[in-house]
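Engineer: Construct all of the structure, not just a fragment, from the sequences and the given hints.
Going down the list, the sequences are from chains A and B. Offset between the first sequence (1-based) and our numbering: plus 663. Offset between the second sequence (1-based) and our numbering: plus 2.
Hints were generated in silico from the structure; no laboratory data involved. All of these numbers come straight from a predicted model, not from anything done at the bench. All C-beta atoms in this analysis are idealised placements derived from N, C-alpha and C, irrespective of residue type, glycine included. Please note that the accuracy of each hint is not assured.
[Stated by the list, open to error] Under 7 angstroms between C-beta atoms, here's a sample of chain B residues computed to sit facing chain A:
(1) 37
(2) 38
(3) 40
(4) 64
(5) 123
Here's the letter readout for the chains.
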Amino acid sequence: MQATALEKIHVALGARMVPFAGWSMPVQYRGILDEARVVRSKAGLFDLGHMGRVRVRGPQAETFLQRLQTNDAAAIPPGRIRYAMILDDNGRTQDDILVYRNPGNDGFFLVVNAGNCARDLGIMRALAGNFDVEVEDCTHSLGMIAIQGPLSQQITQRLTNADLAALKYYAWTEATVCGAPMTVSRTGYTGEDGFEVYVPAGHEPKVWQAFFDAGREHGLEPIGLGARDTLRHEAGMPLYGHEIDETTNPLEAGLDWAVKMNHDFTGRGALERVIAAGGTGRKLVGLTTTSKRCPRQGYPLVHGGAQVGHVCSGSISPTLDTNIATAYLRSDLATPGTELQFLVRDKGEPCTVVAMPFYKRAR
Amino acid sequence: MRPTDRKYLKSHEWCKIENGIATIGISDHAVSHLSDLVFLDLPAKGSSVTAGESFGEIESVKAVSSLYSPVSGEVVDSNTQLPDNLEWLAQEPFGKAWMMKVRVTSQSPDLIDAAAYDAHCKAEG
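Structural biologist: Next comes the structure, spelled out in structure tokens:
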């Protein structure tokens, strides 16, 4: 089991630690629903030390990335970030990642899922043999701390010389944070405004504490992975292992906006065939229910006596005060307003197809 | 030490038998690990339950857990107020948050006393 540099701090804060993708991580501190509400109304602090972080540099870094992933790396300006997928030759999703082009235009930086990091590195190292490129795993040389919520900018600005008001969403910059050089991106996985700070190893406890000192008067609280999952689900963001995995492709998952067919990435041919066939016959949709039961991962969906899909993620939504779910559903039924049932122990409970995201912050 | 007037399952249900009737609930340890409870499904009066098998479900924000019966027999009473007052589980897991009463025909061989159950919880963390 791996531990982040902040593990002792989490335990001292009363966190319940759980194994997650080979890491000991805080799933909650006080309660998932309360933590989710804090992020929506004030700001929350997250240890994301488990996420995989990879530098890609060299003369052919851009060409390498064009092959590796689905978005158009050539179209990313310096200091900007794009969401993308790594696929296999059959167009199946191996991971979803963020691709950062360095602010100084001297390479790229990738953030990948903890659970897929080893496989991603294997794919990258195999591919790197064909390019003049250097792939460096910096998961252990950099920590990652996120602040998310409407008060994030106000709190973070007290710790850095960077002009955060000028930092656009999905942009990043080099900055001095707590007196040391770091990078800060305006990104997150909650549907709120916020920042992710890449912290050189050894500085994590100091930065974590500085956020608390700066945020205490604003109600900043630590947030576990449980609330993070609820928040991303409300915001309609996919989670690997739920909405996307080795059995899904990005088109049926509604992620076509992160797939640019203008370059030759692994899996492109398979996606072209899916497009030519008019899709896979199923689509990812949102569901809400008036039932007291919550649709959970794997529950069957039924319509007219036949199974027509299955649930990917289900959760209580503290923001909307109802139960929400994502599901793969037969394409002809995937229209908002369609009424279905989900099965709990063979008993049908009503649910309705709705547009995603479930929650969108006011801007 | 948890109440010694009853027995426990390692799956965190408790059972107190008086005059052939078992009162059944779940422990404080289970409640603290579930947290953010949102739904409870209990069997109706008159139904039968089997030792070691599921008699209901409890749902928290993140997960659904089965509840396992410490005894076999007929359900003679069910705490119908509890599903609408789930906070009782945190307040009085060994008292007013009882779940059902069963006329006992047999008991699970896996029931352990309070001391053994305390040790089990400590080991589980």
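Engineer: Decide, hint by hint, whether the structure agrees.
Structural biologist: We went through each hint and held it up to the structure:
1. The interface hint given for residue 37 of chain B is met, as the beta carbon of that residue sits about 6 angstroms from the closest beta carbon of chain A, less than 7 angstroms.
2. Hint status for residue 38 of chain B: holds, given a least beta-carbon distance of 5 angstroms to chain A, under 7 angstroms.
3. Given hint, residue 40 of chain B at the interface with chain A, holds; its Cβ is 5 angstroms from that chain's nearest Cβ, closer than 7 angstroms.
4. The closest approach between the C-beta of residue 64 of chain B and any C-beta of chain A is roughly 6 angstroms, which is under the 7 angstroms cut-off, so the hint is satisfied.
5. About 14 angstroms separates the beta-carbon of residue 123 of chain B from the nearest beta-carbon of chain A, more than 7 angstroms, and the hint is not met.
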